[in-house]
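Given chain A, put chain B in place with the hints provided.
Chain residues, written in single-letter form:
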Amino acid sequence: MAGSKMLNAALLALLAMAVSAAMPALAQTKDTITLGVSVEPPHLDPSSHVAGSIREVVYANVFEGLMLIGSDGKEYPALAEKVDMSPNGKTYTFTLRKGVTFHDGTPFTSATAKFSLDRARGPNSVNAGKRLFEPIDTIDTPAVDRLVVTLKQPASSFLYNMGSADAIMVAPATADNAKQVPVGTGPFKFDRWARGDRIELSRYEKYWGKRANFSKVTFRIIPDAQAQVAALKTGDVDAFPVMGAPELLNEFKADPRFQVVVGQTQGEVILPMNNRRKPFSDIRVRRAVCMAMDRKAINDGAVAGYGTPIGSHFPPGDPDYLDLTGILPYNVNKAKALLAEAGLASGFTTKLILPPFPYTRRSGEIIQALLAEVGIKADLEVYQGPQWLSQVFREANFDMTVIGQTEPRDIDVYARDDWYMGYGRPEFRALAKDLSETASPTRRSEVLKAMQRMLAEDVPACYLFQLPKTGVWSSKLQGLWKDSPVQANDLTKASWKP
Amino acid sequence: MVRFVISRLFGLVATLFATAAVAFFLLEVIPGDPALDMLGTEVREDTLAALRVQLGLDRPLWLRFLQWIGGFFTGDLGMSYRYRVPVSELIADPLRVTLPLGLFAIVITVAIALPLGALAARYRGKALDVFVTLLSQIGLAIPNFWFAVLLTLVFSINLGWFAAGGFPGWSAGFFEALKALLLPALSLALPQAAIIARVTRSAVLEVLDADFARTARAKGLTRNATLWKHVLRNAMIPVVTVMGTQFTFLLAGSIIVENVFYLPGLGRLIFQAITQRDLVVIRNVVMLIAGLIMVMNFLVDISYAILNPRLRQR
Chain A
37 MAGSKMLNAA LLALLAMAVS AAMPALAQTK DTITLGVSVE PPHLDPSSHV
87 AGSIREVVYA NVFEGLMLIG SDGKEYPALA EKVDMSPNGK TYTFTLRKGV
137 TFHDGTPFTS ATAKFSLDRA RGPNSVNAGK RLFEPIDTID TPAVDRLVVT
187 LKQPASSFLY NMGSADAIMV APATADNAKQ VPVGTGPFKF DRWARGDRIE
237 LSRYEKYWGK RANFSKVTFR IIPDAQAQVA ALKTGDVDAF PVMGAPELLN
287 EFKADPRFQV VVGQTQGEVI LPMNNRRKPF SDIRVRRAVC MAMDRKAIND
337 GAVAGYGTPI GSHFPPGDPD YLDLTGILPY NVNKAKALLA EAGLASGFTT
387 KLILPPFPYT RRSGEIIQAL LAEVGIKADL EVYQGPQWLS QVFREANFDM
437 TVIGQTEPRD IDVYARDDWY MGYGRPEFRA LAKDLSETAS PTRRSEVLKA
487 MQRMLAEDVP ACYLFQLPKT GVWSSKLQGL WKDSPVQAND LTKASWKP
Chain B
65 MVRFVISRLF GLVATLFATA AVAFFLLEVI PGDPALDMLG TEVREDTLAA
115 LRVQLGLDRP LWLRFLQWIG GFFTGDLGMS YRYRVPVSEL IADPLRVTLP
165 LGLFAIVITV AIALPLGALA ARYRGKALDV FVTLLSQIGL AIPNFWFAVL
215 LTLVFSINLG WFAAGGFPGW SAGFFEALKA LLLPALSLAL PQAAIIARVT
265 RSAVLEVLDA DFARTARAKG LTRNATLWKH VLRNAMIPVV TVMGTQFTFL
315 LAGSIIVENV FYLPGLGRLI FQAITQRDLV VIRNVVMLIA GLIMVMNFLV
365 DISYAILNPR LRQR
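Top line first, the protein sequences correspond to chains A and B. For the first sequence, the numbering used here gives the first residue as 37, with consecutive numbering after it. For the second sequence, the numbering used here gives the first residue as 65, with consecutive numbering after it.
No lab work stands behind these hints: they were computed from the structure. There's no promise every hint is true.
Listed next, the stretches of chain A that the computed footprint assigns to chain B, with coverage defined by at least 3 CB atoms under 8 angstroms from CB atoms of chain B [unchecked claim]: (1) 253-262; (2) 414-424.
Facing chain A, a subset of chain B residues (Cβ under 8 angstroms, in silico) [to be verified]: (3) Gly96; (4) Asp97; (5) Pro158; (6) Ser220; (7) Arg332; (8) Leu333.
The following residues of chain B were derived to be distant from chain A, with all beta-carbon distances above 12 angstroms [as the list claims (entries may be wrong)]: (9) Thr79; (10) Arg123; (11) Arg146; (12) Phe195; (13) Leu217; (14) Ala228; (15) Ile320; (16) Leu356; (17) Asp365; (18) Pro373.
Just so it is clear, CB atoms sit at the ideal spot from N, CA and C, and this is done for glycine as well.
Chain A with its partners taken away, still in its complex shape (with noise of 0.2 angstroms):
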């Protein structure tokens, strides 16, 4: 009969299902990493795009530049062997490494470097850090291993700023498909990527540095928090280097398969007030939201308390920080004196703008009900990405908001004419153009406390934590990058311990 056949083969395929689900799962080889991450790159170019999760998966893997930033923050010669400085801080001699080659087999010369920098800077350029080439005047290339920068004035953040992913070397030929098929000089070559799943790199064998330890990395792109919790408990993954849900942590940290690390990012959560528009205007008015902000219940509400607080526009981390936070303490009475001296005794109400990440929601939940307490009605709305960009960044067009900003080493954008917040403050512009001239490690350092005072004092947003780099993965790996100095998952040191 035609319906006992349909009902035996639906029965046989069952079987079959049940049998491959019964087979256990292939053993993880020791020599491949599988890393998950929450955001899909839009596509694998540093060079065009801002996206971190680009950078997440390219930089130092599959793209070097003259420099590169290590774990510790710090700038160190990558495709640059050595570089040697004029004593007036203008001119740069790279000697450049020899024998390197990309991943298609083009030597990287100094005309490749030339040619990388010239396309990061020239007029048709779409390059989002064109502002760390501007100090640049000339490049010659004298020799096939030596690039010649000179500086049109001293930039002491110059080296740095070569560092960045910004500045990566690619090659004439592969550049403009870098996008899809990114060719660098990295200890691994792009292999292949299955949008909206995964991102396959395999061990470059010709690379000029230390042989990788992986023979395979692939990445696996798993935005939802739940589901990231799945694919690690189930091996699927083997590291998440940001677990998008803090609050889980406890459970891999009572699993003796994995190692909870947390460390710091560049990421300052901060809450921007519009110094141009009243009642911002009044730096009394500023100082009282702040001391209404209990940095401590932000911390645990957002991130479940892994989070470091913050009293300035500087991350904790590096050794120039100054612990600020007791410059406005949390203190709901004087928050409401001042408020009254400002002539607000009864408060008034305020539109709060919070973009769409987690912990920028939570923040303005627990935010909106902190001020309240002082007597300022907050309005929460949340817009999304690109409208917070447009609305609030570029026009300015808002009251308050909380964002995290996280580019490295930012604390002179409040010294911008055009910085959202409107702080305007000549003394800040002229500690912002000391910091970039000098070339002294110590007044560096002097002008980099200065600043962060000045805007402890003058708030033009109140600081509130420091986003937390919280990973989870095997407690088999080591190697792994514990801080988020730059957005990055450098695998070059990293393995499976023996």
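Positioned in the frame of chain A, the structure of chain B alone reads:
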């Protein structure tokens, strides 16, 4: 019959055009600049302008609309803002995940719901009927993403029978790929099955009381033969109607379920496109989904005419 089909087709095309116009112009009105989003807060003005030209954002709105519509005939649907690849390429792979997933979910739904609904009607009032009604109540109440997480917890994490998610690709083997779609399809199928079971039950109940059913029994047909040979076929019309409308919810549900199981499907694609304001991808996927739904409804209309010859006269 031919006139019936032609008039329906006409309506389909007109609706599609209206949808395209609404999708295009509505999306353009929303604030936010794709170029700015791609280059970030540190960008300089000239870089921004250069990118806008590259993306074609400097051309007038109506021209871009017409070029897009024309593209439906040439296959050139535009370039994704974010990925910088042709949209047709971008949609191809996710389609090979979402369509099979949807079909799988429909197969499971029909396989579960029709027999259960029919049997519940046949044994109305008895234990089986109560049980099926209870199950369908629960199935309606449970959100499919919660059910998805539950399935993952039990079958992936605890029992280890399935991966927690992901799709190996059809190249990894038919059964491997199907295995990866099983839990997601079940999550999608559950609320659908609950609804279809109820609709089947009430449709069958109605038909069971009809004269011709009683005639069949009087003729000497067994209860079962009556049910499967005569009653069910006639009860299909309301069931097919509901299945047609449920298809929409199936596609919508796939956005959430694909996220939970990190499947690289159409739902995930459009979800990401929305958060990244990739207008080109959004409007094309909106058109695709709208098109699929309209085709589905069109087929439902045609199936009426097949199931019920009296409708062919219209």
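To see whether the hints hold, each was checked on the structure:
{"no.": "1", "hint": "253-262", "in the structure": "holds (count 6)"}
{"no.": "2", "hint": "414-424", "in the structure": "holds (count 4)"}
{"no.": "3", "hint": "Gly96", "in the structure": "holds (3 angstroms)"}
{"no.": "4", "hint": "Asp97", "in the structure": "holds (5 angstroms)"}
{"no.": "5", "hint": "Pro158", "in the structure": "holds (6 angstroms)"}
{"no.": "6", "hint": "Ser220", "in the structure": "holds (5 angstroms)"}
{"no.": "7", "hint": "Arg332", "in the structure": "holds (5 angstroms)"}
{"no.": "8", "hint": "Leu333", "in the structure": "holds (6 angstroms)"}
{"no.": "9", "hint": "Thr79", "in the structure": "holds (29 angstroms)"}
{"no.": "10", "hint": "Arg123", "in the structure": "holds (18 angstroms)"}
{"no.": "11", "hint": "Arg146", "in the structure": "violated (4 angstroms)"}
{"no.": "12", "hint": "Phe195", "in the structure": "holds (23 angstroms)"}
{"no.": "13", "hint": "Leu217", "in the structure": "violated (8 angstroms)"}
{"no.": "14", "hint": "Ala228", "in the structure": "violated (4 angstroms)"}
{"no.": "15", "hint": "Ile320", "in the structure": "violated (9 angstroms)"}
{"no.": "16", "hint": "Leu356", "in the structure": "holds (19 angstroms)"}
{"no.": "17", "hint": "Asp365", "in the structure": "holds (29 angstroms)"}
{"no.": "18", "hint": "Pro373", "in the structure": "holds (25 angstroms)"}
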